[in-house]
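Peer 1: All chains should be modelled from the sequences, with the hints used to inform the complete structure.
Chains as they are written, first to last, in the working numbering: chain A, 1 to 212; chain B, 1 to 212.
Please keep in mind that the hints were generated in silico from the structure rather than gathered at the bench. If you're wondering where the values come from, they're calculated on a predicted model, not measured in any experiment. Treat each hint with caution, since some may be false.
Which copy is meant is left open, so a pair is good if it fits within one copy or across any two.
[As the list claims (entries may be wrong)] Calculated lysine-lysine pairs in the DSSO-like style (CA-CA distance at most 27 Å, straight line):
no., residue 1, residue 2
1, Lys24, Lys134
2, Lys106, Lys24
3, Lys24, Lys55
4, Lys134, Lys17
5, Lys122, Lys134
6, Lys134, Lys106
7, Lys106, Lys17
8, Lys24, Lys122
9, Lys17, Lys55
10, Lys106, Lys122
The lines below spell out each chain.
There are 2 protein chains.
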Amino acid sequence: MDFQFPAALQELMEHLKGLPGIGKRSAERMALAIFQWDEARLAAWSENLRTLHEKVGVCTQCGNLADHTGNGLCYICDSPVRDHSILCVVEEAPQIRVIESSGEFKGLYHVLGGRIAPLEGKFAENLNILSLEKRLQETPVREIILALSPDVEGQATAVYLSNRLQPYQVRITRPARGLPAGSDLTYADAATIAIAMNARVAMNETGDSTNE
Amino acid sequence: MDFQFPAALQELMEHLKGLPGIGKRSAERMALAIFQWDEARLAAWSENLRTLHEKVGVCTQCGNLADHTGNGLCYICDSPVRDHSILCVVEEAPQIRVIESSGEFKGLYHVLGGRIAPLEGKFAENLNILSLEKRLQETPVREIILALSPDVEGQATAVYLSNRLQPYQVRITRPARGLPAGSDLTYADAATIAIAMNARVAMNETGDSTNE
Numbered sequence: 001m002d003f004q005f006p007a008a009l010q011e012l013m014e015h016l017k018g019l020p021g022i023g024k025r026s027a028e029r030m031a032l033a034i035f036q037w038d039e040a041r042l043a044a045w046s047e048n049l050r051t052l053h054e055k056v057g058v059c060t061q062c063g064n065l066a067d068h069t070g071n072g073l074c075y076i077c078d079s080p081v082r083d084h085s086i087l088c089v090v091e092e093a094p095q096i097r098v099i100e101s102s103g104e105f106k107g108l109y110h111v112l113g114g115r116i117a118p119l120e121g122k123f124a125e126n127l128n129i130l131s132l133e134k135r136l137q138e139t140p141v142r143e144i145i146l147a148l149s150p151d152v153e154g155q156a157t158a159v160y161l162s163n164r165l166q167p168y169q170v171r172i173t174r175p176a177r178g179l180p181a182g183s184d185l186t187y188a189d190a191a192t193i194a195i196a197m198n199a200r201v202a203m204n205e206t207g208d209s210t211n212e
Numbered sequence: 001m002d003f004q005f006p007a008a009l010q011e012l013m014e015h016l017k018g019l020p021g022i023g024k025r026s027a028e029r030m031a032l033a034i035f036q037w038d039e040a041r042l043a044a045w046s047e048n049l050r051t052l053h054e055k056v057g058v059c060t061q062c063g064n065l066a067d068h069t070g071n072g073l074c075y076i077c078d079s080p081v082r083d084h085s086i087l088c089v090v091e092e093a094p095q096i097r098v099i100e101s102s103g104e105f106k107g108l109y110h111v112l113g114g115r116i117a118p119l120e121g122k123f124a125e126n127l128n129i130l131s132l133e134k135r136l137q138e139t140p141v142r143e144i145i146l147a148l149s150p151d152v153e154g155q156a157t158a159v160y161l162s163n164r165l166q167p168y169q170v171r172i173t174r175p176a177r178g179l180p181a182g183s184d185l186t187y188a189d190a191a192t193i194a195i196a197m198n199a200r201v202a203m204n205e206t207g208d209s210t211n212e
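Peer 2: Quick look at the structure:
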């Protein structure tokens, strides 16, 4: 006979179990901790969840997450100090965060909303490609970086986009591939080694990453 | 420059970071997952948090977690098949769950609400001892099991209670101590080994756990 939690606490555990990486035990531990919170803290979180979709939306230009309070643009599209003539195309909005953390990219983004994956029923027409073409038509863009995942579907999508965007006469690039920074060569996989050896860079010249 | 999440998403991450075992990265991952949930699921969780303290309270008899919808008793105190003449005293309500999972105890519980810890400002008068004495006066109880943690403060509290409850002429016991079931003797700590060797049980007699 298992211990029965009160119904509302049981329901709270079910919600928590829906979160990524949270199992039965963690959900129980969290629910008991939440039950100890004071009324104000519970009310604040409750209100936050209730109004989440009202307050947070997607940027009308690039598809990044954006406050609904502003002019519809995310803080990156809205920034005057960013280079509006370089677009970095990513699959999903959370990937923008990863690229921003490098501090290396100063342009704008465009969120595709996935990649071409016929087995999952995702085709080119399900991606935000028309809106990307519209941006190319409306504003002067000199480079598009296709920052898609270096796997089969990501690369197929990159090749498709690269062909489709040809008419716009814009420079199309992709991030370099090779050994990850700070990694141990001992544990590198064969495919990565092959790419890294092939695209090797001379050490007594200025290394340029446009080698393919 | 770090990536800026929209304000409401940032707030959601702060709430999640307040949960036990959740750091910055997990909170971000969870918040992005929650953002993908549909309106109905967010509304249900919001309502659940808002009404949690209304719907869940503590049992008026033993202090266990209880639905506020019933007669004020938890499902254990309310059960006619449990043995109402044995009380198991625990420090906190979640410990009831652990004892119930063994399936070995069929009596009722009493939640102390902590243990005597003068350094933390917890004294006997801060614990639910008066309500325990009231139960002893009002209903026939034949045994009290002091299931307190086997550490210094838990045992000090057990000794205090054992003395204080002497006038009630009730059998007072505590769970046996020794090697945990399924454990490897190699990794047992010295204190546990000492207790286990001292309280050793003959294998050719019927082992009785009342050995001290």
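Peer 1: For each hint, tell me whether it holds in the structure or not.
Peer 2: Going through the hints against the structure:
no.: 1; hint: Lys24 x Lys134; in the structure: neither (47 Å within a copy, 37 Å between copies)
no.: 2; hint: Lys106 x Lys24; in the structure: between (43 Å within a copy, 25 Å between copies)
no.: 3; hint: Lys24 x Lys55; in the structure: between (31 Å within a copy, 22 Å between copies)
no.: 4; hint: Lys134 x Lys17; in the structure: neither (41 Å within a copy, 40 Å between copies)
no.: 5; hint: Lys122 x Lys134; in the structure: within (21 Å within a copy, 68 Å between copies)
no.: 6; hint: Lys134 x Lys106; in the structure: within (21 Å within a copy, 71 Å between copies)
no.: 7; hint: Lys106 x Lys17; in the structure: neither (38 Å within a copy, 30 Å between copies)
no.: 8; hint: Lys24 x Lys122; in the structure: neither (33 Å within a copy, 32 Å between copies)
no.: 9; hint: Lys17 x Lys55; in the structure: both (25 Å within a copy, 20 Å between copies)
no.: 10; hint: Lys106 x Lys122; in the structure: neither (30 Å within a copy, 56 Å between copies)
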